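Residues per chain are reported as follows:
Protein chains: 2
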Amino acid sequence: MTEYKAKKRPKQARSRASFDAILDATARLLARRGYEDLTTNRIAEQAGVGIGTLYDFFPNKEAVVAELTGRLMAGVVENMEQAFAEASRMEDPWAGVRHMVTVAVGSLVEERAVFRVLLRQVPFVPQLPVMVSSREAMAALSQRVRIAAGGALDLPMPEEDAWLISEMLYNALLEIAFLDIGPERRQMLTRELARLTYRMAVGRDPEA
Amino acid sequence: MTEYKAKKRPKQARSRASFDAILDATARLLARRGYEDLTTNRIAEQAGVGIGTLYDFFPNKEAVVAELTGRLMAGVVENMEQAFAEASRMEDPWAGVRHMVTVAVGSLVEERAVFRVLLRQVPFVPQLPVMVSSREAMAALSQRVRIAAGGALDLPMPEEDAWLISEMLYNALLEIAFLDIGPERRQMLTRELARLTYRMAVGRDPEA
DNA sequence: ATATAATCCAAGTAATTACTCGGAAAACTC
DNA sequence: GAGTTTTCCGAGTAATTACTTGGATTATAT
Chain A
0 MTEYKAKKRP
10 KQARSRASFD
20 AILDATARLL
30 ARRGYEDLTT
40 NRIAEQAGVG
50 IGTLYDFFPN
60 KEAVVAELTG
70 RLMAGVVENM
80 EQAFAEASRM
90 EDPWAGVRHM
100 VTVAVGSLVE
110 ERAVFRVLLR
120 QVPFVPQLPV
130 MVSSREAMAA
140 LSQRVRIAAG
150 GALDLPMPEE
160 DAWLISEMLY
170 NALLEIAFLD
180 IGPERRQMLT
190 RELARLTYRM
200 AVGRDPEA
Chain B
0 MTEYKAKKRP
10 KQARSRASFD
20 AILDATARLL
30 ARRGYEDLTT
40 NRIAEQAGVG
50 IGTLYDFFPN
60 KEAVVAELTG
70 RLMAGVVENM
80 EQAFAEASRM
90 EDPWAGVRHM
100 VTVAVGSLVE
110 ERAVFRVLLR
120 QVPFVPQLPV
130 MVSSREAMAA
140 LSQRVRIAAG
150 GALDLPMPEE
160 DAWLISEMLY
170 NALLEIAFLD
180 IGPERRQMLT
190 RELARLTYRM
200 AVGRDPEA
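Chains as they are written, first to last, in numbering that gives the first Met the number 0: chain A, 0 to 207; chain B, 0 to 207.
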């Protein structure tokens with residue numbers, strides 16, 4: 000639908016700093032005050048640039064949020080792809096699942112206050128290309144896990160089940176990452192999530 | 000935090016009609032245009048009442064949305080409690096799970112356009128008392144399912160796992176209810192969700 | 001050094017919005 | 001039917017907000 004492309008990409012170091020400052024300020028404001036209180040004037044003020052500067056680089060407010068989402072999600076996706084490559088080399092699917100889940104939660108936790116707002120409260124974020132493709136990738140992934148773990152206890156509707164599993168996993172990842180708890184407790188929940196995911200995908204508990 | 004209680008409850012039939020018209024209009028507007036475009040003036044116009052009337056019964060905009068959420072969720076909760084009572088009488092936990100999941104999806108589907116906005120885009124809705132207690136009830140419920148299905152293949156952290164399962168189930172219910180698909184396909188997904196839930200809770204597939 | 005392009009900026013604007021106010025009409029009480 | 005309460009209403013207000021504009025300043029190219 001609407002295009003969220005930046006109006007002009009910054010060309011010089013000076014403007015690149017402004018550009019980044021705007022995105023950083025946006026992240027801070029989202030984390031602290033939520034999406035409802037986010038205004039372009041406040042972003043500019045927080046970023047230490049004039050409001051005109053903001054509109055030199057972004058066509059509108061949504062574009063700023065979309066660009067921020069893209070940047071943050073790119074980091075998560077990168078981590079996940081690497082984790083998937085590592086998991087593929089692991090032979091043991093149970094270890095692979097554990098690793099992927101751990102990395103996913105870890106990638107989100109670092110910026111959990113921002114992600115909580117972006118992924119749960121901004122109306123257009125779920126429809127952003129980066130989000131759509133991320134979720135599709137997750138569904139494809141949970142297919143492969145199931146296959147890798149052996150097809151003995153197979154599910155009747157492989158694609159639908161893979162989609163369901165990935166949706167459930169995705170949401171649980173967010174919930175765990177968003178909780179305001181200590182690292183030990185988060186690690187425990189992460190491990191239990193891995194176990195439940197394995198149960199869903201394979202139909203039994205992993206061997207010890 | 001903020002109180003969302005109605006300023007004055009309507010006492011006469013005439014005002015009760017206005018009150019209901021306001022809530023109906025709110026639901027329609029949310030379904031059609033989302034939370035961002037929801038304005039009190041538009042609600043009053045849609046409802047066919049003056050803006051002053053709206054503020055006779057509600058202290059502010061959030062209170063209207065909170066009241067609507069309460070009403071809609073009360074319906075869902077009622078259905079779920081009844082379904083739980085029925086499921087308890089069923090002996091077979093697998094049939095019980097299937098029944099609960101089916102009823103849950105069914106309760107949401109009827110008003111899925113409104114629920115999609117309320118439950119996924121309105122910042123304060125998840126913190127509403129009705130939502131908090133609903134989710135707690137779901138967690139307690141998935142505990143009981145696990146116990147009812149026999150503790151042979153037990154999970155190491157019962158409470159944490161019950162919480163995780165209920166969160167995943169809750170989110171999957173929403174996803175399935177929100178999809179724009181036909182009833183056959185929705186029924187199929189619902190059934191598969193029941194199976195995956197059973198797998199998570201019990202650790203194996205239901206017999207036959 | 002000059003021309004051109006990039007960057008910065010903030011006062012101003014037009015539109016929107018939540019909510020108030022004060023009084024009129026209708027319903028209930030006795 | 002007088003008095004009281006409930007209900008209705010919409011013009012008006014004060015605040016907010018996304019975005020424009022046009023000119024000043026700085027960097028780059030030649």
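Read the hints as simulated data drawn from the structure, not as lab findings. Just so it is clear, the structure is predicted and the values come from calculations on it, not from any experiment. We treat Cβ as the ideally placed atom computed from N, Cα and C, and that holds for glycine. Don't take every hint at face value.
[What the hints assert, rightly or not] Chain A is faced by these chain B residues, among others (derived, beta-carbon under 7 Å):
| no. | residue |
| --- | --- |
| 1 | D36 |
| 2 | P128 |
| 3 | S132 |
| 4 | E135 |
| 5 | M167 |
| 6 | E174 |
| 7 | E191 |
| 8 | M199 |
| 9 | P205 |
[To be verified] Derived coverage of chain B by chain A (criterion: at least 3 residues anywhere in the stretch with Cβ under 8 Å from a Cβ of chain A; other residues may be distant):
| no. | stretch |
| --- | --- |
| 10 | 15–22 |
| 11 | 108–122 |
Numbered hints the structure breaks, given as an ascending list: 1, 2, 3, 4, 9, 10
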